[in-house]
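> If you want the building blocks of each chain, they are given just below.
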Amino acid sequence: MAGGQSTRLWPLSDKNLIPVMGKPLIRHQLEGLAKFGFQDIIVVGNQPVVDFLAGSGLASKAGPCYTHIIKQSSQLTGMAGAILSAQKIYESKYKERSLYIVIANDFFESKLQSDMLSAWQTNKGDAYIAAYQVKAYRPQGYLLLEGDRIKNIVEKPDPDKMPSKWANLGLYIYRQPPLLFAELKKEQAKDVKTDDVYERAMSNLMPTQNFQKVEYPRESVILKYPWHLLDVMELFLENIKQTNIDKTVQVSPKATIKGNVMIEKGVKILEGAVVSGPAYIGPNTIIANNALVRSSAIGADCEIGFGTEIARSYVGDKCRLHTNYIGDSVLEGNNDFGAGAVTANFRFDEGNIFSVVKGEKIDTQRTKLGAIIGRGAKVGVNASLMPGVKINALLVIKPGSIQNQDLKS
Amino acid sequence: MAGGQSTRLWPLSDKNLIPVMGKPLIRHQLEGLAKFGFQDIIVVGNQPVVDFLAGSGLASKAGPCYTHIIKQSSQLTGMAGAILSAQKIYESKYKERSLYIVIANDFFESKLQSDMLSAWQTNKGDAYIAAYQVKAYRPQGYLLLEGDRIKNIVEKPDPDKMPSKWANLGLYIYRQPPLLFAELKKEQAKDVKTDDVYERAMSNLMPTQNFQKVEYPRESVILKYPWHLLDVMELFLENIKQTNIDKTVQVSPKATIKGNVMIEKGVKILEGAVVSGPAYIGPNTIIANNALVRSSAIGADCEIGFGTEIARSYVGDKCRLHTNYIGDSVLEGNNDFGAGAVTANFRFDEGNIFSVVKGEKIDTQRTKLGAIIGRGAKVGVNASLMPGVKINALLVIKPGSIQNQDLKS
Amino acid sequence: MAGGQSTRLWPLSDKNLIPVMGKPLIRHQLEGLAKFGFQDIIVVGNQPVVDFLAGSGLASKAGPCYTHIIKQSSQLTGMAGAILSAQKIYESKYKERSLYIVIANDFFESKLQSDMLSAWQTNKGDAYIAAYQVKAYRPQGYLLLEGDRIKNIVEKPDPDKMPSKWANLGLYIYRQPPLLFAELKKEQAKDVKTDDVYERAMSNLMPTQNFQKVEYPRESVILKYPWHLLDVMELFLENIKQTNIDKTVQVSPKATIKGNVMIEKGVKILEGAVVSGPAYIGPNTIIANNALVRSSAIGADCEIGFGTEIARSYVGDKCRLHTNYIGDSVLEGNNDFGAGAVTANFRFDEGNIFSVVKGEKIDTQRTKLGAIIGRGAKVGVNASLMPGVKINALLVIKPGSIQNQDLKS
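Heads up: the sequence lines are chains G, B and W, in that order.
Count the first sequence with my numbering and you get residues 1 to 409, in order.
Count the second sequence with my numbering and you get residues 1 to 409, in order.
Count the third sequence with my numbering and you get residues 1 to 409, in order.
Take these hints with a grain of salt, some might be off.
Copies of the same chain look alike in the list, so a pair counts if it fits in one copy or across any two.
[As the list claims (entries may be wrong)] Derived SDA-like pairs (lysine to any residue); straight-line CA-CA distance at most 20 Å:
1. K268 to S295
2. K318 to F346
3. K368 to S355
4. K23 to I41
5. K124 to Y100
6. K408 to R375
7. K111 to Y90
8. K318 to T367
9. K93 to S276
10. K318 to F348
11. K398 to F354
12. K258 to M21
13. K368 to K398
14. K258 to I286
15. K95 to Q176
16. K258 to K268
17. K398 to R347
18. K241 to S295
19. K88 to W10
20. K398 to T367
No wet-lab data here; the hints were simulated from the structure.
None of these values were measured; they are calculated from a predicted model.
Full structure from sequences and hints, please.
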């Protein structure tokens, strides 16, 4: 399921195509599936995803992988619409097969994928839903349980009417997809406006189908708002389990590399530079003298210039930095920073940082958040970007200015 | 003598309690006395000093140390009042003993203490006064001498009527304190308003008592204005005669430590960092990558972040710095500096830096002086603090602002 | 020929006296000639050049060197005037000798000098002119050729009427200077206002005299506008063919020196500093901790302070920098930069940088150009100097200010 509009992700572009560690997220998701042995994949995506995947091959550990790329119809919206978009191919090619439903902008540790498959292989359930225990109430779908069997799913209950602390995480297996398709069609016919068609269809099936809960110790990382890219990146960086430096990389003996890092071909790390893992450095990037990169992912062809610190940040391809402090920030790519420009990444009152998204003030739940900078935007010398500001693609921030509001144009 | 109000010390708090190298100044003074073998000490202090010392023990090299803590009465003001506050305890406990009078916010090399005691032990004087030769006239007490005997002390004479170039330094021994107490009472009864009661009492005694001069090669360091804390710190740092690094300290092989430094437990000094003595680093502080600390005292639990320079500065506990230049400055404690914020520490005309204290413009006698920052104040990214500015406790300096005047609120 | 006013060089002072790598340019030119064995040199200069050269000796590889210093008369302007100023000495001392004409503010690789001399020694020409092939038309003198013989020189032809792509480079040898003197006088008498008297005189001689072209593979570097000093510096730095570090230089083992560098006596290079050649460091300069100097020439007695980067820049004597970025800039000398002050050295649109000279907007032909700063100017903390700005001598730039126009007062 890789549809949707990414409008809440502004100033970043399509959520499925953002590259992390050298590959667009959709590619990571597909390769993750292939790694588990999936050979038959139906991608329901938006136009950019369809364009991107057209013609790109994939191999699973079990042999070649067949990927069907479908554009989600504007008639078939939401999760229900995405699943129904795949119905025709399923019926023509994969009849009798189980259906594993993955949402492309949800990210887990791969352990959960194993647990889902293992449950499906070893027990007698008809369907499987990944779930986690919430610490505090938030409006989402909660499970009514009888042991590990899910008897019902209650969408956004009143806080005092939660059927359990277990919330739906967004990963599903169905042994008999036709039953799901039928219920989805029925519910969709009733009322296409609400966005819980898929949950209602599951509810309908639960009395007669044995839905099993598969546990995950925490929430998934959902790429919904732009700052979530930092969480996604963190998850990927944590997956670097050992240091892997391409043999063409030039590292000065006076530079320091510590922790787990992945460093791609052609990278140069000059004297006095420090790369402190977990970290990823993309191909042909230069980490210049006395620069520091820590807990960050840097794209390809970047110049992380003299005396720059990048901390816990996502830096896309072709960024050029120079004596900057970039903390807890996202630079989508092709961003230049003049000397002395900095991101401020926490409030002196140590409170959560808020951000306005589509007119609504959102608590980012973060006490540390720098700037989110769209592709090709440039930041003048000695400019200051205040916590949580978002800068549109291609804009130029004036030298010496203090930017404390989102800048659209 | 540890009374007084510290009002000229704004934005810093009580002068006796400011910690230097891990201990409040009053504690340093008491330990200094104990080290010389003093076992019976009467502290006349203000309320904060009394509160701080309550219950704190002290051991002299001659065995346990008995400390009497007395709050200076608001009726008994100034030097004379402070001495008279100690009269009752002296008479009840130490009758017949000599009295050594030390002013808590005057700082000397310990050599002078030895010289005072040595004079008292070896010659026949009745009293001893530490003195130094002035280079240029300033209004203070000057000695009329006959050899080493002081025949009179002249308070603030006309410049052309100085009885000698020797000025009173503020350290005294009396063999017969009761004579002093009596003269103090007599003079105080005459006129309680002037602040030279103590000097007049000494004058009265000089014709009949043999007051001896004990020489010191320079002025003492008096903590009167907040920038004097830098001079006091310098004196303490000079006393670090060898490098002393706690065994729990982690120093990267790519970091540099040079000169005499004292580094407390739990400190981490990362790659590329330089600590150039004399310097003191308090417990659990981190000197991050490529930071430089020189001729400075850093408190406990600080983060001296990436690319920061601290030069000839006092940094209190729990300060967090990041790509800053802090030169000839005082950060009392709990101060955060955003990236790129700097102190300017000299005038381009190379003139002395002035500071307004209680409405009066004072020549600090310094060509290098940065900022004086009260406890808990925060400084925004890319802010500029101009030479000699003083910032009240808890204030927040706006990002990118130029602060060229004292900020009280 | 070392006359002229240097007015287009503002804010820099006399073009002949600017020191590069420890010596004024005029001295470099004279030593360059001496090195080729020239023993008889006539310098026609302006007053500062005359004052500077008075009494300074010179030795050629062939023995002592006789230098005649003549002030160019205000009556004899331009190239023609400069040559005529030398006529009297030539006639009284060097009759029958060839005349080699060098313009002091034109810079070549020494190979061209060899080629000129070699042509003069080996072939039968009457005169020699250095020339290069232009890539694109610019208004200058072009050669009409017959093989290597120059039949005419056409000053500023229409672009579609260029006699060839070969342009006059400004280096000449005459076997019979009296013929030249005569033509110069004749042309000057006609019309003293135009500035092509010299070219007309050459034209007159060409039908009867055999003028030979001597080829150079590129344009010369002419010090006309202040940013050209960077090109001149680059030429000198390229001539450092091996590393040469005075034995009194102190280099920390934690510092890095790479590429070809020349480092003069008394220099200190502290821990974490990097000097990346080609580079020149003048006597007694300090390259402080974690500073970076690359492709630059630094004068004597400078402090290149902590965390400063100097890239492709000319830094004169006695400059003090501190946590600055100086890129593609000229600091004439005695310049102080407060912490965090930076030069912006390229436009975000990657276009050429323009500069106003004597009221005219000039395309500097550079995409990278920082600031040009006159002697003794000071730049406040966190100030930003935008690409190409020029700052008059002795001015003070306010802290935190954005300087995007030339500043004269």
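> Determine which of the earlier numbered hints do not hold for this structure and return their numbers in increasing order.
7, 9, 19
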